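Okay, here's what each chain looks like letter by letter:
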Amino acid sequence: MFAFLTRRGAIALALLAAALLAAPFLVDRYILSIILLALLGAYLGQAWNILMGFCGLLSLGHAAYLGVGAYASAVLFVNYGIGPWAGVFVAIAAAIALAAAIGWLGFRFRIEGVYFALLTIAFAEIVRIGFDNWPFVGGAAGFFLPVSSATQHQWWNLRGGEVFFYYVALAMAAAALAAAAALRASKLGYALLAIREDPQAARALGVDVTRARFKALFISAALTSVGGVFTAFWTNNLFPAQVLEMSRSIDIILAPIVGGVGTLFGPIVGSFLLVPLGEALTDGLTALGVNAPGAKALVYGLLLMAIIAGTPSGLWPWLSRKLGLQERAE
Amino acid sequence: MTHKTGLIDRRSVLAGAGAVIASPAVVRAQAKTPKIAMMLPRSGFFAQAGQSCYRGALASTKVLADLGYNVDIIHIDTESSNDVSRTQAEKAINDGANCLIGAFESGNTLAIAQVAEQRKTPLICNIASAPQLTGQGYQYLVRNFMTGPGLVTQGLKLITEVAKTANLEFKTAVFLHANDTFGTAQSQAMDKIFPTLNMPFKIVESIAYDPKAQDLSVEVTKVRGINPDLLLIVTRAGDAIKLTRDMVRQKFEPKAIMSPGSPGLYDEEFFQAVGPYADYYIYNIPWFNVKSQMTQALEASFKTANPKHRFDLDGFNSGFTFEALLVAADAFKRAGSADGATLMKAIKETNIKDHVMIGGPIAFNDKGDNPNILSASVQNIGQKPVVVYPGDVAVTKPVLPFPSWQGRK
Amino acid sequence: MSLSLYAEVLIQGVLTGLVYGLMALGLSVIFGVVRVVNFAHGEFAVLAMYCAFVLFGLAGVDPIAASLPLAAVFFAVGYLMQRAIVQPFVTRPQHEQFILLVGVSLVITNGLLLAFGPESKHVDLSYSFDSYTLGGVLIDKTRVYGATAALVATAAVFAFFRYTMTGTAIRAAADNLTGAAVVGLDVKRLYAISFGLGLACVGAAGAIMMALTDMTPLLAPSLTLLAFTIVIVGGLGSMTGALAGGLLIGATEALASVIVSPAIKSMVSFGLLVLVLALRPQGLFGKAEA
Chain D
39 MFAFLTRRGA
49 IALALLAAAL
59 LAAPFLVDRY
69 ILSIILLALL
79 GAYLGQAWNI
89 LMGFCGLLSL
99 GHAAYLGVGA
109 YASAVLFVNY
119 GIGPWAGVFV
129 AIAAAIALAA
139 AIGWLGFRFR
149 IEGVYFALLT
159 IAFAEIVRIG
169 FDNWPFVGGA
179 AGFFLPVSSA
189 TQHQWWNLRG
199 GEVFFYYVAL
209 AMAAAALAAA
219 AALRASKLGY
229 ALLAIREDPQ
239 AARALGVDVT
249 RARFKALFIS
259 AALTSVGGVF
269 TAFWTNNLFP
279 AQVLEMSRSI
289 DIILAPIVGG
299 VGTLFGPIVG
309 SFLLVPLGEA
319 LTDGLTALGV
329 NAPGAKALVY
339 GLLLMAIIAG
349 TPSGLWPWLS
359 RKLGLQERAE
Chain E
6 MTHKTGLIDR
16 RSVLAGAGAV
26 IASPAVVRAQ
36 AKTPKIAMML
46 PRSGFFAQAG
56 QSCYRGALAS
66 TKVLADLGYN
76 VDIIHIDTES
86 SNDVSRTQAE
96 KAINDGANCL
106 IGAFESGNTL
116 AIAQVAEQRK
126 TPLICNIASA
136 PQLTGQGYQY
146 LVRNFMTGPG
156 LVTQGLKLIT
166 EVAKTANLEF
176 KTAVFLHAND
186 TFGTAQSQAM
196 DKIFPTLNMP
206 FKIVESIAYD
216 PKAQDLSVEV
226 TKVRGINPDL
236 LLIVTRAGDA
246 IKLTRDMVRQ
256 KFEPKAIMSP
266 GSPGLYDEEF
276 FQAVGPYADY
286 YIYNIPWFNV
296 KSQMTQALEA
306 SFKTANPKHR
316 FDLDGFNSGF
326 TFEALLVAAD
336 AFKRAGSADG
346 ATLMKAIKET
356 NIKDHVMIGG
366 PIAFNDKGDN
376 PNILSASVQN
386 IGQKPVVVYP
396 GDVAVTKPVL
406 PFPSWQGRK
Chain V
2 MSLSLYAEVL
12 IQGVLTGLVY
22 GLMALGLSVI
32 FGVVRVVNFA
42 HGEFAVLAMY
52 CAFVLFGLAG
62 VDPIAASLPL
72 AAVFFAVGYL
82 MQRAIVQPFV
92 TRPQHEQFIL
102 LVGVSLVITN
112 GLLLAFGPES
122 KHVDLSYSFD
132 SYTLGGVLID
142 KTRVYGATAA
152 LVATAAVFAF
162 FRYTMTGTAI
172 RAAADNLTGA
182 AVVGLDVKRL
192 YAISFGLGLA
202 CVGAAGAIMM
212 ALTDMTPLLA
222 PSLTLLAFTI
232 VIVGGLGSMT
242 GALAGGLLIG
252 ATEALASVIV
262 SPAIKSMVSF
272 GLLVLVLALR
282 PQGLFGKAEA
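Protein chains in written order, with the working numbering: chain D, 39 to 368; chain E, 6 to 414; chain V, 2 to 291.
It is worth saying that the hints were derived from the structure and are not from the lab. Check the hints yourself; a few may be wrong.
Residues of chain E placed beyond 10 Å of chain V at every Cβ, according to the derived structure [as the list claims (entries may be wrong)]:
| # | residue |
| --- | --- |
| 1 | N311 |
| 2 | D317 |
| 3 | D371 |
Computed cross-link-like contacts, EDC-like style, restricted to lysine to aspartate or glutamate with a CA-CA straight-line distance of at most 16 Å [unchecked claim]:
| # | chain 1 | residue 1 | chain 2 | residue 2 |
| --- | --- | --- | --- | --- |
| 4 | E | K414 | V | D125 |
| 5 | E | K125 | D | E200 |
| 6 | E | K217 | D | E283 |
| 7 | E | K256 | V | D131 |
| 8 | E | K217 | V | D125 |
Here are a few chain E residues that face chain D, going by a calculated C-beta distance under 10 Å [stated by the list, open to error]:
| # | residue |
| --- | --- |
| 9 | E84 |
| 10 | K96 |
| 11 | Q119 |
Here the structure is a predicted model, which means the values were calculated and not measured. C-beta atoms are modelled at their ideal positions from N, C-alpha and C, and glycine is treated no differently.
Using the sequences plus the hints, can you model the full thing?
Written as C-alpha cells, this is what we have:
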C-alpha cells in the first residue's frame with residue numbers, strides 16, 4: 039500500500055504511528071488537544087483531497103457535508119435515542135444525497151474548474167442558511183447534546199473523555215490514509231488520476247468520466263460527514279455559524295493544499311504544520327508581549343502566503359525529497 | 006489568610022524579575038491568589054463585545070484588591086472560535102488556572118465547559134444566555150447571567166409596566182430580530198413565552214433578518230407597511246445602527262421602540278454612529294445599579310483603566326465580568342483552596358449581597374443559574390443609557406411616546 | 002403591502018445593486034483577463050471603505066467624492082500587487098491561487114482590526130438621513146448619489162476598454178493570450194493594468210458604500226460572496242454581466258425580503274446562482290467557452 043516509501047520513509051511512518059499511539063501517555067492534555075485537532079484536520083483534509091487531489095475537482099463547500107453529517111447524527115441521538123454508530127450511516131446517506139445534487143448539476147451540465155468551485159460555495163451557503171432558519175434543528179440558536187454523567191462513559195455512544203476522542207480521531211485519520219492509499223492503487227484510482235490530468239483524454243480512453251467523478255465525490259462527502267459525526271459528539275453543540283460557515287470549508291482545505299494536493303501524506307503534513315503553527319503564534323505573540331487581538335491571524339495570513347509561494351506543489355513533495363522518504367514522486 | 010502580603014510579594018517579584026513567569030516566588034504567590042483565566046472573544050466575530058468585557062476585567066483588579074481579594078488574571082483571546090476556546094481552556098488549566106471565566110457567547114462557553122467539566126475546574130459564565138448551557142448536566146459550570154427565556158419573560162413584563170407609567174397603550178407590535186445565535190434563541194423564547202403572559206398587545210408579524218446584511222432598508226419598509234404601535238427589536242450593535250439609519254430615512258415613528266432584552270443599543274459604536282438618533286430606545290435587560298457603592302467603585306476604576314471609554318456603555322459587559330471575578334475570588338477565599346472540587350463547592354454556595362448588577366444576592370440554584378438577577382428598563386436619554394424603571398433603581402422617568410426623529414440635535 | 006411599497010423596495014434594490022455591480026465588475030475584469038479569482042475581493046472593498054472613512058475624518062472628504070482618488074490609489078495597489086505577488090501564481094493551479102488570496106484576506110481583515118478595532122465605522126454626511134418623496138415612494142438621497150457615481154464609474158471602465166489602445170490590447174490578450182504575445186504585447190503589463198483596474202472598481206465601490214452603510218472588517222467575506230454571486234449570474238469575465246448581475250441580485254434580494262423573509266434573501270440569490278449555473282453555466286452575459 040505504501041510501497042512508494044523508501045526504507046527511511048517507512049521507518050518514519052512507523053515512528054510517527056508509534057508516537058501518536060503513545061502520545062496520551064507522554065504529553066499533557068493541552069498538547070493532546072492540539073494533536074487531536076491536527077488529526078481531525080488531517081482526516082478532513084484527506085477526505086477533501088480525494089475529490090481535489092485525485093479527481094481535480096475543487097470543492098470550496100465541504101463544510102456542508104461536515105455540517106449535514108454532524109446535524110444528522112446529533113438529531114438522531116438527541117431526539118430519537120439512536121446512537122452515533124447507527125446514526126453515522128444516516129449521516130453518510132444525507133451527505134451523499136447532498137453530493138448527488140451537486141454532482142448532478144455539476145457533471146451533467148459540465149460545470150468545471152472555477153465554476154464547479156463556486157457551485158460548491160453556493161450549495162454550502164444554501165445549506166447554511168437553510169439550517170439557520172430550520173426550527174427543527176434549533177436554527178441559528180444551535181443544537182445541543184446533553185452531557186449527563188450517566189452516559190459519560192458509554193463509548194459505544196461516542197461518549198467519553200478527551201483521551202477516548204483522541205484515539206477515535208487517530209483511528210479515523212489512519213483509516214482515511216489507508217482508504218486513500220487503497221483507492222489510489224485501485225482501478226478507480228487510476229481512472230480518477232487520468233481524469234485529473236485530462237478529462238477529454240480519459241474519456242477517449244473509455245473511462246466513464248461522470249461515473250468516476252460521482253464515485254470520488256460520494257467517497258469524499260461520506261468521509262467528511264463521518265468527520266461531522268465526530269465533531270458533533272466531541273463538541274456537544276452545533277451552530278450553523280460554526281460548522282457550516284464558509285470559513286470552516288477554508289479550514290478544511292488549507293492543510294491538504296499546504297501539505298501537497300494529490301499526495302497521501304500532504305493532508306497529514308499540512309495539518310500537523312498549520313494547527314500547531316496557530317498555537318505557536320498565540321504563544322509567541324503572548325511571550326513577545328503583543329496584546330493585540332488580530333495580530334495572530336495577520337501573521338498567520340502572511341505565513342500562509344509565504345508557504346504557498348515558497349513550495350509550489352506543497353510541503354510533502356519537497357520534504358520527502360529532502361529527507362529521502364519516498365522512491366518516486368507520488 | 007494574608008492576601009495583602011500576597012499582593013506585595015507578587016508586585017515586588019514582578020518588579021524585580023520582570024515578567025519571568027516560572028520564577029519560584031511567583032509560584033508561591035499563586036498558592037495565595039487564585040489564578041483566573043479570563044477567556045473572551047477579543048478578535049473574530051464577537052470582538053467588539055469581547056473587548057468591552059476585557060475593559061471591565063482590566064478595571065476589576067483594583068476594585069477587588071480594595072475589597073481584600075487578590076486575583077491573578079490570565080487574559081485569553083478565544084478568537085470567537087469554538088476550537089480555539091477549547092484548546093486555550095486546556096492550556097489555561099495547564100498553566101495553573103484555578104478557575105475559568107467566559108466567554109460572552111454561548112457556543113464558545115460550551116466549548117470551554119467541556120474542558121472545565123473533564124478537568125474538574127470551575128467555569129463561571131459571565132455572559133451567555135442559551136438555556137442549554139446550564140441544562141446539559143455540567144457540574145463545573147455556573148452562570149451569573151440570565152437565560153434567554155428569563156430575559157424575554159422579564160423584558161416583556163417590563164414593557165407593559167413601563168408603558169403604564171406613561172399612560173401608553175399598544176395594540177399591535179412587530180418583532181424584528183437578527184437571525185443569529187442570540188436573535189434566533191430570543192425569537193424561539195418569544196414564541197413560547199409571549200402567549201402565556203396575556204399581553205395587552207398582539208404581535209402582528211415576526212421578521213428575522215440576516216445579521217450580515219449590508220442594509221436593512223427593505224426590512225424597515227416592510228415594517229412601515231404594517232405600521233405597528235410598538236416595534237420590538239433584538240439586535241447587535243452593527244445592525245442596530247443600520248436599522249436606525251433606515252428608520253430615520255424612512256421616517257418610521259412608532260409609539261415606542263423597545264428591546265425585550267438584547268445588546269446593541271447601549272454599545273459605544275451605536276452612539277458613535279447614530280448620535281442623537283440613538284436616543285429614546287428602551288431596552289429591558291439586567292443593568293448595573295448606579296446606587297450600589299461597588300458599582301461606583303468599579304466606575305471609578307474603569308475611568309482610570311480605560312480613559313478612552315465610557316463606563317455607561319461598557320457597564321453591562323464590565324459589570325457581569327467583574328461579578329464573575331468577584332464570585333471566583335470570594336469562593337476562593339471561603340474555600341481556602343484552589344482544588345477544583347472544593348472551589349466549585351464554594352462557588353455553588355455563593356451568597357454575595359453587595360454587588361454591581363441590579364437584583365438580589367448573587368447565588369446559584371441547582372442548575373447553576375443565578376435566579377436573582379433582575380432586568381430594568383433602560384432608555385437612551387441625552388445619548389447615554391439611563392435606568393427609567395422600576396422606581397427603586399430608576400434615575401429618571403421614561404420619555405414616552407417615542408419622540409420624532411425630526412429636529413434632534 | 003401596498004404597491005408603492007413594492008416600488009420603493011424595488012428602487013432601493015436597484016440603486017444598491019448598481020453599487021454592488023461596480024464592485025463585482027472589478028472581480029469580473031480581473032478574472033476575465035488574468036484568469037485569477039480574487040477571493041479577497043470583499044476584503045479590498047472593506048479596505049476601501051476604511052480609506053474613505055479616514056479621508057472623511059482627516060479632510061472631510063465626502064466618500065462619494067473620495068471614490069475618484071481611491072480608485073486611483075487602488076489601481077496602483079492592484080498594479081503592484083499583480084506584479085509582485087499574483088503574477089507568479091498566474092500559471093499555477095486554482096487552489097494555490099486560492100490559498101494566496103486567503104492569506105491576503107486574512108492580512109487585510111486583521112490589519113484593519115488591529116488598526117481600527119472591531120467597532121463598525123461610519124461617516125456623518127449632511128444628507129445621510131435625507132430622502133426624496135416621489136408620489137408616495139421614498140428614495141434615499143445617499144443611495145441616489147451613490148448609484149449615480151457607480152454608474153459613472155462603470156461607464157468609465159466600459160469606455161476604457163472600448164476606446165483606448167490599452168483597453169483594446171487587454172481585450173485582445175483576454176481573447177487570445179498567445180496571439181497577444183506573438184504580436185508583441187507586454188502581457189505582464191496588461192495583466193497588471195487589469196488587476197489594477199479591477200481593484201480600482203473595488204476602490205470606488207467601497208468608497209461609495211461607505212456613504213451608504215457602516216462597515217466592520219468582519220463583514221468582508223459576505224461581500225466577497227455577494228460579488229461572486231453577481232458575476233456568476235451575470236457571467237464571469239463579462240463586464241455587461243457584472244452590471245446586469247448587480248441589478249438583478251439587488252432587485253431579487255430586495256423583493257425576496259418582502260415576499261419571503263429577509264433572513265433568507267441571500268439564499269434566494271444563491272438559488273438563482275445555482276439555476277444560472279445549471280441552465281447557462283457561462284452566465285447570462287458570458288461567452289460560452291470554446
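Cross-check of the supplied hints:
1. N311: holds (13 Å)
2. D317: holds (16 Å)
3. D371: Holds: least Cβ distance 36 Å, greater than 10 Å.
4. E:K414 - V:D125: Given that 16 Å is the threshold and the Cα spacing comes to 13 Å, the pair holds.
5. E:K125 - D:E200: holds (13 Å)
6. E:K217 - D:E283: holds (13 Å)
7. E:K256 - V:D131: holds (10 Å)
8. E:K217 - V:D125: violated (21 Å)
9. E84: For E84 (chain E), the interface hint holds, since the closest Cβ of chain D sits about 8 Å away, which is under 10 Å.
10. K96: OK, holds: K96 (chain E) within 10 Å of chain D, min 4 Å.
11. Q119: With a closest approach of 6 Å, the Q119 (chain E) hint holds.
This entry does not satisfy hint 8, going by the numbered hints stated previously; all others are met.
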